[in-house]
Every structure is written in C-alpha cells, then in structure tokens.
Amino acid sequence: MTTTVETAVSPLAVPLAGERRSGHGALAFLVARRVLAGVLVLWAAITATFLAIQLAPGDTVSLLLGENRDDPVLRAQTIERWGLNQPLWVQYLTYLRRIPSGDLGISYTLRQPVAHLIAINAGPTFTLAAVAAAGAIVIAILGALIVTSPVHWLRPLVSGYELIMVSAPSFWLAIVLLWLFSFELGWFSIVKQGSWQALVLPAASLALPIGAYLSQLLVSGIDRAMEQPFIITTRARGSSLLAARIQHALRHAALPALHMLGLIVGSLLGGAVIVEQVFGRVGLGQLLVDAVKVKDMPLILGVTLVTTAVFVAASTVVDILGTLIDPRTKGNLR
Amino acid sequence: MTNTAAPTTLSITRRGLVAMVLAGGAGMALASCSSNGGAAGAQAAGSASPVQGGTLYWGVETALPTVNPHLNGQDKATPILRNVFDSYLYRQESGEYAPWLASSYDVSSDGTTVTLTLRSAVTFSDGQPFNADAVIANFTKLTSKGYLSSIPSGLQFLTSFAKLADDKVQFTLSKPDTLFLLYLSTPASTPLSPASLTKAQTVLESGGPEVAGIGPFVITAFTPKSELDLARRPDYAWAPQALAGGEKAAYLDKVIYRTFVEGSTRTGALQQDQVQVASDIQPLDVASFSKGSGFAYEREYVGGLPYSLYLNVSKAPFDDVRVRKAFIKGFDLAPIIQSIYAGAFDQAKAPISTKGPFADPSSLSGYAVDIDAANKLLDEAGWTQRNADGLRSKDGKVLTVRAVSSSDFVRESRDQLNIAIAAALKQNVGIDYQFQIVDSGTESVRAKANDYEIFDNSYGGADPGVGLDLLYSSDPTRGFIARGKYHNPDLDALLDKGRFTNDLAARKETYKDLQKLVTDNFYVLPLYQTQDNLASVSRVGGITIDPAPGQPFGASRVWLAQ
Numbered sequence: 001m002t003t004t005v006e007t008a009v010s011p012l013a014v015p016l017a018g019e020r021r022s023g024h025g026a027l028a029f030l031v032a033r034r035v036l037a038g039v040l041v042l043w044a045a046i047t048a049t050f051l052a053i054q055l056a057p058g059d060t061v062s063l064l065l066g067e068n069r070d071d072p073v074l075r076a077q078t079i080e081r082w083g084l085n086q087p088l089w090v091q092y093l094t095y096l097r098r099i100p101s102g103d104l105g106i107s108y109t110l111r112q113p114v115a116h117l118i119a120i121n122a123g124p125t126f127t128l129a130a131v132a133a134a135g136a137i138v139i140a141i142l143g144a145l146i147v148t149s150p151v152h153w154l155r156p157l158v159s160g161y162e163l164i165m166v167s168a169p170s171f172w173l174a175i176v177l178l179w180l181f182s183f184e185l186g187w188f189s190i191v192k193q194g195s196w197q198a199l200v201l202p203a204a205s206l207a208l209p210i211g212a213y214l215s216q217l218l219v220s221g222i223d224r225a226m227e228q229p230f231i232i233t234t235r236a237r238g239s240s241l242l243a244a245r246i247q248h249a250l251r252h253a254a255l256p257a258l259h260m261l262g263l264i265v266g267s268l269l270g271g272a273v274i275v276e277q278v279f280g281r282v283g284l285g286q287l288l289v290d291a292v293k294v295k296d297m298p299l300i301l302g303v304t305l306v307t308t309a310v311f312v313a314a315s316t317v318v319d320i321l322g323t324l325i326d327p328r329t330k331g332n333l334r
Numbered sequence: 001m002t003n004t005a006a007p008t009t010l011s012i013t014r015r016g017l018v019a020m021v022l023a024g025g026a027g028m029a030l031a032s033c034s035s036n037g038g039a040a041g042a043q044a045a046g047s048a049s050p051v052q053g054g055t056l057y058w059g060v061e062t063a064l065p066t067v068n069p070h071l072n073g074q075d076k077a078t079p080i081l082r083n084v085f086d087s088y089l090y091r092q093e094s095g096e097y098a099p100w101l102a103s104s105y106d107v108s109s110d111g112t113t114v115t116l117t118l119r120s121a122v123t124f125s126d127g128q129p130f131n132a133d134a135v136i137a138n139f140t141k142l143t144s145k146g147y148l149s150s151i152p153s154g155l156q157f158l159t160s161f162a163k164l165a166d167d168k169v170q171f172t173l174s175k176p177d178t179l180f181l182l183y184l185s186t187p188a189s190t191p192l193s194p195a196s197l198t199k200a201q202t203v204l205e206s207g208g209p210e211v212a213g214i215g216p217f218v219i220t221a222f223t224p225k226s227e228l229d230l231a232r233r234p235d236y237a238w239a240p241q242a243l244a245g246g247e248k249a250a251y252l253d254k255v256i257y258r259t260f261v262e263g264s265t266r267t268g269a270l271q272q273d274q275v276q277v278a279s280d281i282q283p284l285d286v287a288s289f290s291k292g293s294g295f296a297y298e299r300e301y302v303g304g305l306p307y308s309l310y311l312n313v314s315k316a317p318f319d320d321v322r323v324r325k326a327f328i329k330g331f332d333l334a335p336i337i338q339s340i341y342a343g344a345f346d347q348a349k350a351p352i353s354t355k356g357p358f359a360d361p362s363s364l365s366g367y368a369v370d371i372d373a374a375n376k377l378l379d380e381a382g383w384t385q386r387n388a389d390g391l392r393s394k395d396g397k398v399l400t401v402r403a404v405s406s407s408d409f410v411r412e413s414r415d416q417l418n419i420a421i422a423a424a425l426k427q428n429v430g431i432d433y434q435f436q437i438v439d440s441g442t443e444s445v446r447a448k449a450n451d452y453e454i455f456d457n458s459y460g461g462a463d464p465g466v467g468l469d470l471l472y473s474s475d476p477t478r479g480f481i482a483r484g485k486y487h488n489p490d491l492d493a494l495l496d497k498g499r500f501t502n503d504l505a506a507r508k509e510t511y512k513d514l515q516k517l518v519t520d521n522f523y524v525l526p527l528y529q530t531q532d533n534l535a536s537v538s539r540v541g542g543i544t545i546d547p548a549p550g551q552p553f554g555a556s557r558v559w560l561a562q
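These protein sequences, in sequence, are chains A and B. By UniProt numbering, the letter at position 234 of the first sequence is numbered 234, and the numbering carries on one by one without gaps. By UniProt numbering, the letter at position 321 of the second sequence is numbered 321, and the numbering carries on one by one without gaps.
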C-alpha cells in the first residue's frame, strides 16, 4: 500500500544517471514485489478485522438472534449450525485455509455463499467507483486549466466552488443532488438499478468533492511548473501559453494528483457506503455495514478481503502509471 | 407419517436491523384506521374500474435478508411475502379464522387436535400438486433441527402431525395453543413445493426464484436487502374469500419492491412517480401527501403491543412500586405526543394495541397525571434529597433510570419522544431519566448484565398473545424479552389462560384482567399506538389492507391506471 509519496512531492528532482533500471526489468520487479506485499497486506487486514470483531461488544449468537437471543433451543441450533462453539483460533485458521480455494463461507444472515454475495454486489460498487474516479479526473483537469488560465476573474469563482465541494459532507452533497436533479427536476430516476440514470447522481456525489480536491493539487503543481526554466524554453520555441500548460506543466503536476488518486480509491469505496444508502443502491459498502452490525463474520471478512485487494491493486497501478507519466521516477521503483 | 416437533421460535435472521423492524412498532400492520389524508387508496379503488397489466414500483424501508418465508421472521416482510405465499388459514380482524388453502379446519373439543382439509386442485408455482404429502414434507422440514425457522412460539407445543387422507392432515398439540392457529395463518408456515424443500441449503434458505410457493405472484429476481422482482401468476385462483373475494389472479404484470432505507428517498421517489407506492412515510413527510396533493396517504394501526416502556422491577429504584407510580404519573404524555408527532402518531390507549378485539382502555384509568401525588410518593420512598440540578437522591445516590436502546430500533422519532419525557420528569418530579442509544452489541451486554431500568419496545402481529408471552412471561422458554423481570405468578397464570384456549370471548376476558394487572402494578407505560402507513400516486387503485395484522395484503388487488 505504500504509494511512493516521496516521488510524488518532488517530481522535478533529477535522479542520478546509472540508478535507472531497464524499463521492463523495473516493471517486473515492481509487480512481483507488490504481489508479495499485497498478500501480506491481505493477511494483516483479515487478521486485524477478525480480532476487531472479537473485541466489539456482544456475542455473535446474541446479535444474530436479536430479540430471540435468550431462546435456548434457537441458541443451541444457531451455534451448531455456524460452528460457533469451536475455539476462535480454529475458526480463524479454518477461514484462512479455505480462502485459496475461493470458499469464503456462508453469510450467517443472508444464508448465501459469501463469494456469490460479493459477486453480485461488487459490480455496482466498482462501476460506481470507476465512474466517480473518471468523473473526478475530468473535473480536476478542467478545474485546474480554468483556474490557471489567463482569465483571472474565473479563478476565485472556481476556487470558491472547489472549496465548498471539498468541505461539504458527502451525505449532504448526495442528498442535495438527489433532491435537485432527481426529485425536483426529475432528470435522473434512481429506481431502476443498473440503468445509467441511476448511476449519474451517486457517481457525481463522489466525483465532485474528489475532483475539486485533485484540482487544487493540480493547480499548485501547474503553478510551480510554470515557474520552471523549461517553460520559458518551451515558450521561446514558439509554444503558446495554453500548449505549454497542457503539454508540459499539466504533465508535471499530474504526478502528485495521480498518487493521491490511488489513495482516494480507498475513500471511494468507503464513501460508497453513504451514497449507497442515500440512493438505495445495492453494493459492497451497504453489505459490509449491515454485516458489521450483527457480526456476520464470513461476510465481513469476505468484503474486507475484496476491498483490500482492490486497494492494493489500485495503488500498484498508480505507481506503474506514474512511471509512464514521468520516466524519471523509474529509479524509485525499487 | 409422524414427527416430533422441536420447540421453535422467532427468527434467526439477523436481528440487527431486522429485529428493530420486527420488534418495533414500525410497522406491523396496516389495518383499517385511515387518517387525515385518508383512505384515498382504498377509495380510489372503489371509484374507478381496475386496469389489467403494468409494472408497479413499491418503495419500502424493509431490507429483506432472505425471502424464504419460513426463515425471514420480519413483521414488515409479511406484506411483501404475501404476494408469493398463501397460508392455510386466513385470520380475520375479529380474531377468528377463515378457510384459505385449507378449505376447512376442525379443532377438537380439548383444543389439542387440529385437522386441516386441504383445498383441491391447487398447484405450486413450479407445477407440483398441493396435497397432504406436500404439507407433511413442509412440517417435516419446519421441525427439523438445523432449519432455523422463525416465528415465535407457533410450533412450541406441536408434538406430531400425520396424513389422514390425500386432502387431510392432523396436528397434535401438547397444549391447546391458540398461537398454533395463528401460525397456520402467517407466511411462517406457508407451504413450499416439495421440490423446493430438497434444493441445496443455501438456495432454499435464501429463497428467491428457485423456491416455489402458492400465491398470486412468483419471484423472478431477488437481490438481498435491495430488490425483489415479482411477476403475475396467471393461473392463480385461491385468494381468501373473506378479503379478496376469492379466486382472483393479480391485475399487475409485475411488481418491483425496492428498498430505500432513507425515508426522504422514499418520499422523493414517490413524488416524482419513480415509485408508485411508498411505505413507511416519515412523520415529517406526511404533510406532503395530505389532501389535494395528488397523492393518497393512509395509515393503519397495527396489532400486537404498542410502543411502551417496560419498567425493570428486579432492582432499585423500580422494585418500589411508589417509584414506578411516580414515574408514570409524574408527567403529561398527551401534549408531548402531540408536539413530537403533530397527529402523525396517536397516543396508545391500552397495554394491548387497539387494533383487534383485545385492548382495554379502561386499564389506564389509574395513569392520570398527578404531579403532586408523584412527588409525595417519591418523598415517601425516601428520595428526599435534591442535588444542584434539582434531581432527587437518596443516600447520596441520584434517582437515575436508564433505558438502553439499540440504535437499530430507534426510529419514528423515539429518541425525541423519550428525551421530551425525560425533560418533563426532571422538571416535575426530579427523576433523572436517561434514554441511552447504543449499538446492538452493547445493548445485548447491558441487558444480560441487568444494567438498565427501562426497556422500550413495540411488538406487532395479528395476535397480542405472541408479544405478551415474550414481554411478560417468567418462563425462560417463552419470555425472551421480558426485561421487566416481573416474575409474577398471577401474571404467568393469565398468560397461560389467554394462550391455551381458542375461545375468543374467554380470551378477551383474560386479557382484560391481564391489562388491569400490569397497570395496577405500574409495570408498563404505553406511549404511542404503532402503525403502518403508505402513500401512493393517484393512478394507483385497489390497495387492500389485511385487517387482522393491519398491513397491506400484498399487491394482488392493486392496479395501475395508464
């Protein structure tokens, strides 16, 4: 999960020649190292989650049975059915042993295999996260170009808007968008799951604040890059100001924003919880929250596993992309 | 074929959210008291002729973890599952039972033998015949260990069951338990096709398209906690005579139930006609659907027990009846209910819901506000000191009483209601009432440790017998949420007397005595009458309420004008 932040903050540092590896070798090394580290991260996440669930108040049987928790017969049957009478370390090791075969157990509450539940819930969540991330990138680039444009009166307007977006709580933004564009204007019906109309507002709820945040990062990067000597060189070669900004300064500024986007994948998955609830969307976030409330262990661990894996994969991809945008950072891949 | 029944009880399904919905008053049932906005749905149905076809979206708060009717156990799931699963008997508002999938039923004079004669020429939606063999297969499954079926107490005294003929099944009970007849009228006992019962455990237990029942709709898709898609069953012809007029297939081609846990989302989606019906309208949103808004709003009291505070008599300070009496008489509930709910909810009138035949409003006559008397009682009980905040104390200990409520159950502005009550009690009589909202795990720990003085609960259902057992019985196999810990032999005797008979008149008398006993002892303070409500767009007609529980009777009579 380590994004190479030190690279990110000083993209203009000049690496010493000779420290670079060949492109393919570096990439293979990076991927291999990341896969190994990823497995460790997954194990740590599962173990920590398992322990945290044990430490939370209330025993699993009572939470599963709710009002009927004091029914002795039902208690005994429930304990037997889910193997809750086994020592914790046995439950833990059994769970770990089954993972490689893709067996994530059966949800105590939904009575279905966890792998199947994740399969039907992951699609909507990842679609939402991907569309939101794409939207955030577009918003960020447009915002940054407008703010750094010579049209100076636009800058405070866009900056002000971005400040509001970054500060607004996401559930508030979700509710405002829902009311305005779905319930007042009637543009986007949220009822038909899987339709593009039902995706627009939830994705916008996530994309607007993230896009604004990334835009602020880009702007400071562009401002810094535009002061560099190479911009003057570029301009001297006849490049227009706009072309200099897009072709050179933006590329320099993109690196910190890109690394931040890697971290933001995590917040996209987390933010999806609130958005899913407000818009009544099916998805991993809602699945996890409900599971935690009743200590539905197989479901909690299953969702943790998948979301952690996605996060690890995303930060790896971001690092690889970083080398494509700025070849100088290859040296940092070790 | 004979089988021994395991005493089975409520739902195993996760009780986090579910339990809250269940226990809570949120809604058990809509029945027939239509309100201010009033009766518009039902009236619209009467004033125009039904239209065949169409797809209806119905927004609900209830998130369904499973749609296996044997296992679900959520009260609020009943109006949804009713679309797909008929019952053997149909319970009427009077408390009597009418034929449904059983064309007749016979109870022996001692009440311990129940014989069902099955309706002929009925088929499950997968084409299998409905007969005695199918019923036996279902009860074999329902009573098998490991099939964690859900409804409270229904099967508790069932000892055996046997096929008498192709269309006759006999059940033998160890006690003349009236809750067995109730069980036969709920989705918890509904027959599933024998082929469905033999499917893989996860398929059967989660329910869905592969599990066939008998009903006006079939399930075409199910996404847990999110969406249930239903399609009309064209050859359906077995609706209960008493309610739907019998023998009717549904009007709508498709019904899609969508879960929106946010109340404002349901309201907004209805206003834009994204859903055509929305259940569980929040108190503050009710005004949006008042007369002239173009929407129909109706609400129904639900059966069972209203939202009430049960006082824990097992320890100080409520082991002293004077303190209980002072708590109950020390503030005026009516203006608080009015200011919190503005007419959207009504004050409870008895310890049993006024829906159904059992409520006795006269039992609350001793509950009239009397602040002076309350203060005097507390003085007598020794709570004479006052601290800087004006709170009473004794031997340096403040007169604090705490309700510990799981956040899953805190709905319908219950937090505001209890906080308002606390403010009044503090001001009037110096009692420190704390309404503590905690997570469900903490709640279970506090309950087990007897670390609370008040238990707040509402318990819905067509018959109050279920909730009364759960909340008052000192029998550990029956009083699972009897957190008042009353241990009163007279009360237990009345619970038995009310449950182990099918004589309706006798049960009314018994429950009258019971309501007097629990109020004479100041065990319980009923706060508001629980209800179900819904709103619909004007082109919806035919919304039908099942009058015993007070919930919508599915969507089988509903139609949509073009």
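Read the hints as simulated data drawn from the structure, not as lab findings. On a predicted model such as this, the values are computed, not experimentally measured, just so you know. A few of these clues could be false.
What the hints assert, rightly or not - Residues on chain A that point at chain B, a partial pick, calculated with CB under 8 Å: (1) ARG33; (2) ILE106; (3) THR109; (4) GLN112; (5) ARG224; (6) MET226; (7) ARG251.
Positions of the beta carbon are idealized from the N, C-alpha and C atoms, including for glycine.
Going through the hints against the structure:
| no. | hint | verdict |
| --- | --- | --- |
| 1 | ARG33 | 39 Å, violated |
| 2 | ILE106 | 6 Å, holds |
| 3 | THR109 | 3 Å, holds |
| 4 | GLN112 | 5 Å, holds |
| 5 | ARG224 | 43 Å, violated |
| 6 | MET226 | 45 Å, violated |
| 7 | ARG251 | 42 Å, violated |
Of the numbered hints given earlier, the model fails hints 1, 5, 6, 7; all others are met.
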